[in-house]
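Residue numbers (the numbering used here), protein chains in the order written: chain G, 1 to 273; chain Y, 1001 to 1259; chain E, 2001 to 2349.
Worth double-checking, as some hints may not be accurate.
Using 35 Å as the maximum straight-line C-alpha spacing, the simulated DSBU-like pairs for lysine-lysine come out as follows [as the list claims (entries may be wrong)]:
1) Lys1223(Y) <-> Lys2106(E)
2) Lys1089(Y) <-> Lys187(G)
3) Lys1048(Y) <-> Lys2052(E)
4) Lys2281(E) <-> Lys1048(Y)
5) Lys187(G) <-> Lys1004(Y)
6) Lys1223(Y) <-> Lys2328(E)
7) Lys2301(E) <-> Lys1048(Y)
8) Lys2087(E) <-> Lys1174(Y)
9) Lys2100(E) <-> Lys2069(E)
10) Lys1223(Y) <-> Lys2318(E)
11) Lys2190(E) <-> Lys2087(E)
12) Lys2281(E) <-> Lys2052(E)
13) Lys2242(E) <-> Lys1223(Y)
14) Lys5(G) <-> Lys1151(Y)
15) Lys1090(Y) <-> Lys62(G)
16) Lys2087(E) <-> Lys55(G)
17) Lys2301(E) <-> Lys2100(E)
18) Lys2117(E) <-> Lys2190(E)
Don't read these hints as lab results, they were simulated from the structure.
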Amino acid sequence: MRNLKRQLLAGPYILWMAGFILLPVLMILYYAFTATGGNFTFLNVSSITFSVHLKALVLSLKLGLICTVICLALSYPLAMILNSMKAKSQGFIVFIFILPMWMNFMLRILAWRMLLSNNGIINSLLGTFGLPGIDILNTPTAVVFCMVYDFLPFMILPIYNAMSRIQPDIIEAARDLGAGSLIIFFKIIVPLTMSGVVSGIIMVFVPALTSFAVSDLLGGGKVLLIGNVIEQAFMQEYNWNLGSGLSFVLMIFVIASMALMNSRGDENGTGVW
Amino acid sequence: MLRKSAQRIYLFLIFLFLYLPIVVLIVLSFNNSKSKVLWGGFTLDWYKKLFSNSAIMEAFSTTVFISLASAVIATLLGTLAALGIDAMKKRGQAVMLGATNIPLLNADIVTGISMMLLFVRFTRLGISTVLIAHITFNIPYVILNVLPKLKQSSRTAYEAALDLGAAPLYAFRKIIWPQILPGVLSGFLMAMTMSLDDFSVTYFTKGAGINTLSTMIYTEMRKGIRPEMYALSTLLFLIALILLLFMNFGPTARKEARP
Amino acid sequence: MKKKLLLLLTFFSFLLAGCGRTDSPNTLTVLNYGKYIEPKVLELFEEETGIKVEYEEYITPENMYTKYKAGAIDYDLICTSDYMIEKLILEDEVSEMNFKNIPLVKNLDSSYFEFSKSFDPENKYTLPYFFGTVGILYNRELVDESKINSWDILWDERYSGQIIMADSVRDSFMVAQKRLGYSLNTTEEKELRNAQELLIQQKPLVYSYLVDEAQDEMIAENAAMAVVYSGEAGLALEYNEKLAFSVPKEGSNMWIDSWFIPKRAKHTENAEKFLNFLCRKDIAMMNFDYVYYATPNTQVKEALDPELQENSTIFPPKEILENCEVFKSLDDASTMKYNLYWKEIKSAD
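Generate the whole structure from the sequences, applying the supplied hints.
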């Protein structure tokens, strides 16, 4: 099975990758380490230490982390429920969670603005029941809320996938041998779904770290994330060098956090994927 | 019983959370007022206008073409790549996966601009450049969906089949393929969805006069989004919904069911 | 498997080969803001001249600049805002316009060419398309109308959490600079710092910083005041009768969106034909009806309802315009300063 011939199947992809993934990254690296004139410089990368940029990075890490934790907390029980329902086909479950994305992203975010705003739909509803309104629009809370909304499927799906792969026999065997529900959960279900959890975390944390559209629209422009700083450098300041430099720093952060997750995954005896 | 209903409520809340904004948009597509925020009565006007607007229809067909074609090609490339990566040694796998993740690591604009810079150097921007860009950011989703299935698939059955004299391709088709098929399908779906939803990468890699739904919606932001867009999004959503129901209850459902 | 691989590779080579499309000779590649032209105008132009228009839209001038500078597409004609045109003129990206080939330019009010001189000093490069000012769109039931004629009201604590500011560097700075009595093109360190301080001081009162959604928020009555472009205000007034628009007495920004022909244009003649077409009365009228911004075309304005002509939100009166300044392009060092100060405002607590 592990033969050279089969490895060759990855050939076309490797070519594709070299051309369309690695080359563009090299261009980013070139911009990151040069000044506008083309001279070598560290300034773009080291500008992450500017207090504004550092603050934005810390806020991004914080919100990204909160978002990931919430997604995980929501998804794990959900995956268990879905799994216990014995859905007819896995494709169906996957589809239900991806389906919302068939509505344009921007339109969905704008819909959330309408729902959450001062005179919005949710507040009017709360008002008719005599309940106090919620006032989270244009705050970091709204940004996290919408990030969770946006990335939740990416946490649910891998966990559900991993869970649906657990053979019922194993659980039955454990039960026959006298294991209680808690033991089964911690000794069998958690370890066996760890690979799904890890890929879920990566697929949520990484985009959360780099996102900018959500904070622009639901943060009311008052929440400055590192993604916004990079977007602004590219789109408002014509400073591709700064944008690339900061992107490079962000890439390092992402790779580091992935390596960390990788090593955690290995301890549990499963790979990331 | 209590537990069952608690589960139901939880499930309901999650789906409400995911589908609430969509309900809002669908309602807006029937709103007889150009404003996003005021209700002016029920109308089907936007749907009628939609079909008589050639620019929107063209953007629609471009969108469908790009997301379908990019998803098909990405699924092909990605599945082959997953098979290859699975056969590699640990180190090789780590390198390949690291590189695969790059498109997921960068902010969209960074990916979009860097690809534009690359394309401009070698060719003119057109619809093919959009397609290439979409395939590129789609492949990781396919690989990430297929590879876990491969890892979980039972190798012993495949090896036994080979020992019993089956040709590798035959053994693959009979043993590995059914096991990874759900992964391939969900990879395809995700790829198509991502491509459908993308703005930044499309914007920077498209040639003059080419529009997808996303680029059309975004360029309308400043002066207010046309209600036709809500109508079109609703239609697209309904098509997907029908597809979903068909997949679950239609004739193909059996094929896809879990073993 | 090998066969499949081969098939795949041939497919890719086709794909790549497909990229190199050839130029069709009689085309015109136009780049404009989103929703900034009546689509029928394009169809009519194609019918009348047989020139195929490749029409492309963008969102912000900066988006446009990025794509243009990368050399991604050879545009023949671009419409964008004053300061961006000046930047491109300074970078030697704009070619001189041959007004002899655009006879209908006589339909445009010459005073707008005077205003254009701030970014195109000799009126050599640009043709005005639409213009307007920046002011405060406000809800008459929520705001003390006697105070609305000054930018000061945006710092009034009574309106805490009800103020929408513009989410763009220059537009927000403009408000503070005008309130302090500075030029909106100032590059003086001290004046910039003062303006920045004022904006940081204002931040707790701000509901949100928005560009495109301000109009919707005001229509929905989610805020009491918003800093918006006059054209957007004109549209908002149509939807909600409680809204009104005011350009404060300290002065404001006047913006002019104009057409220019970039140096890399391949079809200059077609571009000139198109510009002439746009100046034609019937066409300019169609465009005005669609875009609903102030047009410099005198023939169109004269043909409108007197009531609409008098509408000071859409057509800013001369005395207001004379009190306004047009943005100039800043040098790199000042741009960086503005951007850094803006980021500091955005990340302030």
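Outcome of the hint check:
1. Lys1223(Y) <-> Lys2106(E): 29 Å, holds
2. Lys1089(Y) <-> Lys187(G): With a Cα-Cα distance of about 29 Å, the restraint between Lys1089(Y) and Lys187(G) holds, given a limit of 35 Å.
3. Lys1048(Y) <-> Lys2052(E): At roughly 27 Å apart (the allowed maximum being 35 Å), Lys2052(E) and Lys1048(Y) satisfy the hint.
4. Lys2281(E) <-> Lys1048(Y): The hint holds at about 30 Å.
5. Lys187(G) <-> Lys1004(Y): Roughly 24 Å separates the two Cα atoms, so the pair holds.
6. Lys1223(Y) <-> Lys2328(E): 24 Å, holds
7. Lys2301(E) <-> Lys1048(Y): Holds, at about 33 Å.
8. Lys2087(E) <-> Lys1174(Y): Distance ~64 Å between Lys2087(E) and Lys1174(Y) Cα, so the pair is violated.
9. Lys2100(E) <-> Lys2069(E): 29 Å, holds
10. Lys1223(Y) <-> Lys2318(E): Within the cut-off at roughly 25 Å; holds.
11. Lys2190(E) <-> Lys2087(E): Holds, at roughly 24 Å.
12. Lys2281(E) <-> Lys2052(E): 22 Å, holds
13. Lys2242(E) <-> Lys1223(Y): 20 Å, holds
14. Lys5(G) <-> Lys1151(Y): 18 Å, holds
15. Lys1090(Y) <-> Lys62(G): Holds, at about 33 Å.
16. Lys2087(E) <-> Lys55(G): 31 Å, holds
17. Lys2301(E) <-> Lys2100(E): 24 Å, holds
18. Lys2117(E) <-> Lys2190(E): 28 Å, holds
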